[in-house]
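Given next are the chains, with one letter for each unit.
2 protein chains.
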Amino acid sequence: MFFLFPKKRRDYLLNEPLARVNQWMDDNQPKLIRFLQQLVQEDSTRGNEYKGQAVIIEKCRELGLALDIWEIGKETTEHPYFYSDRTEFIGNPNVVATLRGSGGGKSLILNGHIDVVPIGNRADWKIDPFSGEVKEGKLYGRGSTDMKGGTAALIYAMEAIKACNIILKGDLIFESVIEEESGSAGSLATVLRGYNADGAIIPEPTNLKIFPKQQGSLWFRIHVFGKSAHGGTRYEGVNAIEKAIQVIQAIEQLEKRRNASIHDPLYKNIPIPVPINIGKIASGSWPSSVPDLVVLEGRMGVKPEEMVEDAMVDMDQTLQLLIKEDPWFNQKPPTLEWFGARWLPSTIEKDHQLVTILQDSYKNITGTDAVIEASPWGTDGGMLYHAGKIPVVIFGPGTTALAHDSNEYIELEKVFIAAKTIVQAVLQWCEIDELS
Amino acid sequence: MFFLFPKKRRDYLLNEPLARVNQWMDDNQPKLIRFLQQLVQEDSTRGNEYKGQAVIIEKCRELGLALDIWEIGKETTEHPYFYSDRTEFIGNPNVVATLRGSGGGKSLILNGHIDVVPIGNRADWKIDPFSGEVKEGKLYGRGSTDMKGGTAALIYAMEAIKACNIILKGDLIFESVIEEESGSAGSLATVLRGYNADGAIIPEPTNLKIFPKQQGSLWFRIHVFGKSAHGGTRYEGVNAIEKAIQVIQAIEQLEKRRNASIHDPLYKNIPIPVPINIGKIASGSWPSSVPDLVVLEGRMGVKPEEMVEDAMVDMDQTLQLLIKEDPWFNQKPPTLEWFGARWLPSTIEKDHQLVTILQDSYKNITGTDAVIEASPWGTDGGMLYHAGKIPVVIFGPGTTALAHDSNEYIELEKVFIAAKTIVQAVLQWCEIDELS
Chain A
1 MFFLFPKKRR DYLLNEPLAR VNQWMDDNQP KLIRFLQQLV QEDSTRGNEY
51 KGQAVIIEKC RELGLALDIW EIGKETTEHP YFYSDRTEFI GNPNVVATLR
101 GSGGGKSLIL NGHIDVVPIG NRADWKIDPF SGEVKEGKLY GRGSTDMKGG
151 TAALIYAMEA IKACNIILKG DLIFESVIEE ESGSAGSLAT VLRGYNADGA
201 IIPEPTNLKI FPKQQGSLWF RIHVFGKSAH GGTRYEGVNA IEKAIQVIQA
251 IEQLEKRRNA SIHDPLYKNI PIPVPINIGK IASGSWPSSV PDLVVLEGRM
301 GVKPEEMVED AMVDMDQTLQ LLIKEDPWFN QKPPTLEWFG ARWLPSTIEK
351 DHQLVTILQD SYKNITGTDA VIEASPWGTD GGMLYHAGKI PVVIFGPGTT
401 ALAHDSNEYI ELEKVFIAAK TIVQAVLQWC EIDELS
Chain B
1 MFFLFPKKRR DYLLNEPLAR VNQWMDDNQP KLIRFLQQLV QEDSTRGNEY
51 KGQAVIIEKC RELGLALDIW EIGKETTEHP YFYSDRTEFI GNPNVVATLR
101 GSGGGKSLIL NGHIDVVPIG NRADWKIDPF SGEVKEGKLY GRGSTDMKGG
151 TAALIYAMEA IKACNIILKG DLIFESVIEE ESGSAGSLAT VLRGYNADGA
201 IIPEPTNLKI FPKQQGSLWF RIHVFGKSAH GGTRYEGVNA IEKAIQVIQA
251 IEQLEKRRNA SIHDPLYKNI PIPVPINIGK IASGSWPSSV PDLVVLEGRM
301 GVKPEEMVED AMVDMDQTLQ LLIKEDPWFN QKPPTLEWFG ARWLPSTIEK
351 DHQLVTILQD SYKNITGTDA VIEASPWGTD GGMLYHAGKI PVVIFGPGTT
401 ALAHDSNEYI ELEKVFIAAK TIVQAVLQWC EIDELS
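Protein chains in written order, with the UniProt record's numbering: chain A, 1 to 436; chain B, 1 to 436.
Do not take every clue at face value.
[Claimed, not checked] Simulated pairs of lysine-lysine, PhoX-like, Cα-Cα distance not exceeding 20 Å:
1) B:LYS280 x A:LYS227
2) B:LYS106 x B:LYS162
3) B:LYS280 x A:LYS280
[Stated by the list, open to error] Only some residues are given here: those of chain B computed to face chain A with a beta carbon under 7 Å:
4) TRP219
5) THR233
6) ILE245
7) SER283
8) SER288
9) PRO376
[To be verified] Quick look at which bits of chain B chain A covers, simulated, 3 or more residues with Cβ under 8 Å:
10) 274–280
11) 293–303
To be clear, the hints were calculated from the coordinates, so they are not data collected in a lab. None of these values were measured; they are calculated from a predicted model. All C-beta atoms in this analysis are idealised placements derived from N, C-alpha and C, irrespective of residue type, glycine included.
Let the sequences and hints guide you as you build the complete structure.
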């Protein structure tokens, strides 16, 4: 017989500590808010991640976790999954803090990124983007929703487990990584340093939905060529902007074709499951001249089950068809380049135990059914999945719409719900040692 | 009886001095080349026009012409035809040099601009852009074709008249103006200073064709708005680039309609008589974001007989129709702005005496018929025509294709032909005093 205790006994083993943990969480909400505030108050944009990590390290020391702090090195930057233009990581370490289990349980990674995107135009912010100001249940600031709110929920979950003297069987591995916003080099480094587990939860801003599948994405740059001429004799030239419109329209058709082939019910409420976005266009320097070059940049979504390389082939074939069919493109072929950041996709089954445990926990905490969907964006989950073969679920308190925007905020109520849901999932996944 | 002399006598009165002038021109070609070289060697880009004017002034003094040198002032900058973003003209004067006639003949303006466009990318030049180097009958350098070659032809024509002691009845007014490349403020200033005449020749690069009609042009800037979103949920935003494509396509249709209404035989060999050129597009700052703003800039051609205001209305109505028909544009209307430079159109009849005299002269010099066409670009002629009511013909030795380009050059043989054609036209138009 596999189970040492009958179901009832197991339920008691879970329920009694869970009740304690929940009670502690209810009693200590100001702790969580204060910690999140501290975290948001540190400007941990790219190159400044150390400021956020210092807050994390201090907290993990206080909790008595086994700390590992290191800077990304060659083993990462020379790895084929390293997609970044950054070469300098000195002073901005990754942090992993482990709560070692007593043995026999499944291990779990709790992963959050410490880097935040730039604030953009300061004038668009009504409050100081690094104030962490709380107003009407919302905590404001860059990174509050993406994803310091999620990270704070993880820390709070661990703190509750420690404070309630609960001993887990499986290892609980908390990762505070850099470089998520620029291509997952931080999470790649954790895998290469040997951190692996039976599952991982990443509290990116899902608005408390559960994402077992994540879209990947990669950046492309296309040069479209024309022939310059004076605007008054524009017929003597070829306007690169006109030719770029043809390229954009071909890409729109490609997006249609790629999405028409997706029938996954997790995408049923998503108008375009894996979009291709044209994010930048630049051409010309003089109103009276026919421009001879357009530079397009964009983001291509990658299906959860798709290989990045296959998505690349799709885009390349679209351009090849244009080159074949259009005499001008034949003479001056547009060039395609994959540059900058890249996020790998990831997928686990909808009924994977990590998903169902989170589902149950969410229902238990909120009384309502969790929404299960596929993510419209990439996360570090793709890297953990591809580099570490780790099953990943994304579930967090923030909301996509606020991420990267001015006046970013997070609803504190959702951070509590996320923390409570995650703590219950941890107790079930890693299991509680009877000695607790 | 109107004519004092029978036709034969008049022919002799023209032909004998003309023969002398032509002989002088043939004998003094190195003078012209040396002068043009000096002129090209001075970098007279905007703000540096004084360098080129110094060469002009020195030469006009040598020829004993009545000089007027002045800086553009308020009478010009506050005039409704002043289309420029420049406010500072100190140190960069206009120059007018008059060869006073003995009376009784028609006056003629010979107008050339001293300003040249920037060299662009120095690396694209095979020779020093201010060398004035001569190779195989071509003189190289910025401004050689646009339009120092033409100006040198004018100076050479006047020098020949002076050297051959020919006295004209009508005034010959040579204008070396600034600011042609940026909206004709220099030529506007000449009119406002009182310079007027019965006709004007401007030797812009027509490749020795005769242009009695000139297209005008003006610059527009359109802001097209979108709604930002993350690229992964691009359906939550409105991509300003997609909306800008709609605007561009509506402008293409407008261009078609405007040109379909032109039946002037002077345009019969011109694929698009008055083009609308999209010269610049800029949008977005991040491949993964849906851009919420596109800025388009372009040049709209104005028909020779059209009022600039009517062309503006055409463009505005095109946008208004989009705003009416498209719900998004209705909500976020694109904005239209007319900015920077503007060149007024100009037109005289194909059989105007200034045209026929140039035609005859050209045939006399080259033995072939001149091509009469309408210009694909604006010149200072539009300003002389609108501000001064002066009939204008454009006829010059350069070629459009080389203007504003790297490795600009002019064929010296064409400068000679232009100078000889112009000198004969001057003698016929202004008439020769019998005392000559």
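Please verify that hint: ILE245 of chain B, Cβ, nearest Cβ of chain A, below 7 Å or not.
Since the shortest Cβ distance to chain A is 5 Å, the answer is holds.
Interface hint compliance - PRO376 of chain B to chain A, C-beta minimum distance less than 7 Å:
Holds, about 4 Å.
When the least beta-carbon distance from SER283 of chain B to chain A is tested against 7 Å, hint result
Status holds, d = 5 Å.
Per the coverage rule (Cβ-Cβ under 8 Å, at least three residues), is the segment 274–280 of chain B covered by chain A?
With 5 residues close enough to chain A, the hint holds.
Closer than 7 Å between Cβ atoms is the bar; does THR233 of chain B clear it against chain A? Give me holds or violated.
holds (5 Å)
Let's test the interface hint: is any C-beta of chain A closer than 7 Å to that of SER288 of chain B?
Since the shortest Cβ distance to chain A is 4 Å, the answer is holds.
Given the proposed pairing of LYS280 of chain B with LYS227 of chain A, does the C-alpha separation stay at or below 20 Å?
With Cα atoms ~14 Å apart, LYS280 of chain B and LYS227 of chain A stay inside 20 Å; holds.
Would you check the hint for LYS280 of chain B and LYS280 of chain A, treating anything up to 20 Å between C-alpha atoms as holding?
The hint holds at about 13 Å.
Going by Cβ atoms only, is TRP219 of chain B closer than 7 Å to chain A?
holds (5 Å)
With a cut-off of 20 Å on the C-alpha distance, tell me whether LYS106 of chain B and LYS162 of chain B pass.
holds (18 Å)
Go check the segment 293–303 of chain B versus chain A for me, would you? Three or more residues, Cβ under 8 Å, otherwise it fails.
holds (count 5)
No hint from the list above goes unmet by this structure.
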